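Novice: Hey, can you work out the whole structure from these sequences and the hints?
If you read the protein sequences in the order shown, they are chains B and V. By the count of the working numbering, the first sequence reaches residue 88 at its end, each step adding exactly one. By the count of the working numbering, the second sequence reaches residue 1610 at its end, each step adding exactly one.
Since the hints were derived computationally from the structure, they do not count as laboratory data. One should not assume that every hint holds.
Stated by the list, open to error - Below are the DSSO-like pairs computed for lysine-lysine, each with C-alpha atoms no more than 27 Å apart in a straight line:
(1) Lys-2/B <-> Lys-79/B
(2) Lys-1071/V <-> Lys-84/B
(3) Lys-24/B <-> Lys-1071/V
(4) Lys-1117/V <-> Lys-24/B
(5) Lys-79/B <-> Lys-1117/V
(6) Lys-1005/V <-> Lys-1250/V
All figures in this text were calculated on a predicted structure; none of them were measured in a lab.
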Amino acid sequence: MKEAVLTITNHDGFHMRPAGELVKVTSRFRSRITVERDGLEVDGKSILGVLMLAAGQSSEIRVRAEGVDEEEAIEAVRKLLEDKFGEE
Amino acid sequence: MAKSKTLTGIAASPGFGVARALVLATPETGESRRIAPAQAEAEIARLAQAVERARAELRQALVELEELGEKTARSMVEIELMVLEDPATLAAFEEQVTQEHLAAEGAVQAVAAPFAKRYSQHESKQYQDRAWELAAAFRAVVNHLQRRTMPRFADLTEPVVVVARDLAPHETIRFDEHRDKIAGIATERGGRTSHFAILARTFGIPCVVALPHLTTETVDGEWITVDGFSGTIEIRPSARALDRHRRRQKLLAAQGERLTALRQEPCRTKDGKPVELSANIELPAEVEHVLLSGAAGIGLYRTEFFYLDRPHLPGEEEQFEAYASVAERLSPRPVIIRTMDLGGDKVASYLGATKEANPFLGWRGIRFALQHPAMFRTQLRAIYRAGTRGNLRMMFPMVTTCSELDDALALAADVRAELQREGASFDPDLEIGMMVETPSAVFAADLMSRRVRFFSIGSNDLIQYTLAMDRGNERIAHLYEPLEPAVLRAVDQTVRAGHDADIWVGLCGEMAGDPRVAVLLVGLGLDELSVSPFDVPRVKAALAAVDCGRAQAIARHCLTLACAPDIREYLRRELNPLLPGFLLGEAERGEDDGDASADADSAPSRAEPR
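Specialist: Right under this line is the structure:
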C-alpha cells in the first residue's frame, strides 16, 4: 500500500468541479483508492464520497492506494493537486 | 380563503404574470413515510427508475446546453450527472430503504441531508453558497419520483407561475419550448445573474427572485401575480387586484406591438439629432436580446459574472472568447466593457474578501482591481485581444481620484506593451473611458476628462453616493430619487466637463429607462444612453417625439426647480402632450390605479414607475 499526505492549494478545495476531476483521475486506476480528511475516509473513486469530505482550500488530505498500480495512482493524484485541478 | 400576501424581492425579468402557482418539490419537502420490509424491493425498483429518468434528463440537458454554448451551466450539470451515475449514490439510497425502511423520497432526502448540513455549516463561504447546487442532483431524483418534472409543462392546460426555492439549469432548459405555459417565475433564492433569471429575460418571462419565505407562503394551485418591474409578487390576490394586474398585462402587450415597429428605426430626436441608444448586458447570452431590441450597441457590458457564482478565477482565454464573441456579434456597433466591479455587494468568497462595515464605501470597483493587479491584467489582456474582433471599448468603475485613474491607465499601457512584445494580435487603440458614479468624480470631472476618451455616468451608484443613501436599505428606500436637484446638477456638471474636453458623455443606469427622464437627460446634453434591452424601444419612441431644442429648454427649467416632485410634475405637464399615448399608459405600471382607465391610448398619467 502507498500513501501520501497532500495539501489542497486551489481556491475552492474539493468542491464540485475539482471533485469531479479527482474522480476522473482515480477511476483510471485499478487500485483501491481512499481519501481521508479529519478522520473521515471515503472511496476516492466515488464523487459522492469525495464531495462529503468538503475539503476546503489549504486542508490536508491523506490519499491511500492499494493494488497493482498504486504508485502511479498516488503520483497522478499528487500531480492533479499540484496543477490545482487545471484551474489556473 | 387565506388572506392575500405581498412579498418583495428583486426584479429579474420585466413583465406582468398572473396564473395559478406550480410549486416545485424540493428534497426538503419530500415525505418521510416508512414502508414495510416486504415493500422494500418495489420501492428500490421505483428509486432505480427515477434515478435512471433523472440521468436521462441530465444527459439531454447536457446536449442542449452544449448546443447553446452555455459552458458554466454545462459543467454544473456534468457534476450533477456524475453524482447520479456514481454507484455509491444508488447504494446509499438503497441502504436507506432496506435498513431504515424509508420510502424512496425519504431515502433520497436522508442521503442528501448530511451534505446539506455539512455544506451549510462549512467554515468556507464557498461551500455554504454551493449547498443548493449539490442538492440539485438529489432534487432531480425526487422530482421524478413525484413526477414533478419540467416536461410536465406539456400536459398543462393553462399557464402557471413556477414557484421554487431555486432552479437548476437542467430544470429550466425547456423553458423556451413551453414559454406559453409559463406566466411567470418566482423564487426564494437567486439573483439577477442566476442562470434561470437570464433565461427568463431571454424568453421574456416575468421573473422575481430573492423572495423570503416564498415556498412556505405559497400553496400549489393558488393564484399568484408576478410583477417583474417592481420585484413584487402577490399570493392569493383579491379579485380586484387580479383584474388590475390583467389590465396592466394587456396594456403592456398593446405597447409591445407598437414598439416592435420601431426596432429598425435609428434613435433620434423629432428634429433629427441622433442619440446613441445602447443596451446593458450582464452575460454574453443576452446579446440576442440586444439585437432584437434595436439598440445601437452595448453601453454597459458587466463582467462580474466571470468572478461570481463560480468556484474559480476565470482564465484569459475564457474571457477572451466571451468578449470576442460579443464584439463579433455586435460589430460594427460598439460594445463597452466595464472592467471588474467587484466588492461592495459583489464579492466572491475565493477572493479573500471579508465582511466590511461599509461595503459600498469600501474595497470595491477600481480600488479592488488595482490591488489585484494579476487578475486585473488578465482581464485587460483579454479585452485588448478581443478588440480586434469588433468595435470594443472599456471603462473603469468607481473611480474616485485622478491618481487611481492614472494607475489604471498605466497598467493598461503596460499590458499593451507586453502584448506588443509578445507579438500578439490586439487593438492598441482601444478606447478607454471611465464611469462617473461618485461625487468626487463629478467634482474632479474637468481633471479626469483630459485622461480618458469618454465618460459614462453610472446613475444607480451616483444617486446613492450623492444622496448618501444606501439603496439596499428599505427604511430609506423612498429617498432614492433620480430627479433630486443634486443628482441632476451632478449629471449637468459632468456633461459640461466632458464636452469642454471634447469627449462624449453617456449615462447607463435605470433612470435612463424612464421615457420622460430620458428626454430630460438628452436635454442635459448626454450623447449616449444605455438602458436595459426591454426599455430600448420605449426610450426610442419618447425621444422621437420631442425636438432637441425643446428637450434642452425643459432640462434648463428643471435645473431651476428645488425639489424632485416639482420636477416630476413639470416633466409630466410638458411632455405628456408630446409623447405617444401608448407610452403614457406605461406610467400606470406598479401603481394602484383604482378606477383609472386601462385604455392604452387615453390613460392619463397618474404616477411614475419608481
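Novice: Work down the list of hints and note, for each, if the structure agrees.
Specialist: Do the hints match the structure? See the list:
no.: 1; hint: Lys-2/B <-> Lys-79/B; result: holds (15 Å)
no.: 2; hint: Lys-1071/V <-> Lys-84/B; result: holds (20 Å)
no.: 3; hint: Lys-24/B <-> Lys-1071/V; result: holds (19 Å)
no.: 4; hint: Lys-1117/V <-> Lys-24/B; result: holds (26 Å)
no.: 5; hint: Lys-79/B <-> Lys-1117/V; result: violated (31 Å)
no.: 6; hint: Lys-1005/V <-> Lys-1250/V; result: holds (23 Å)
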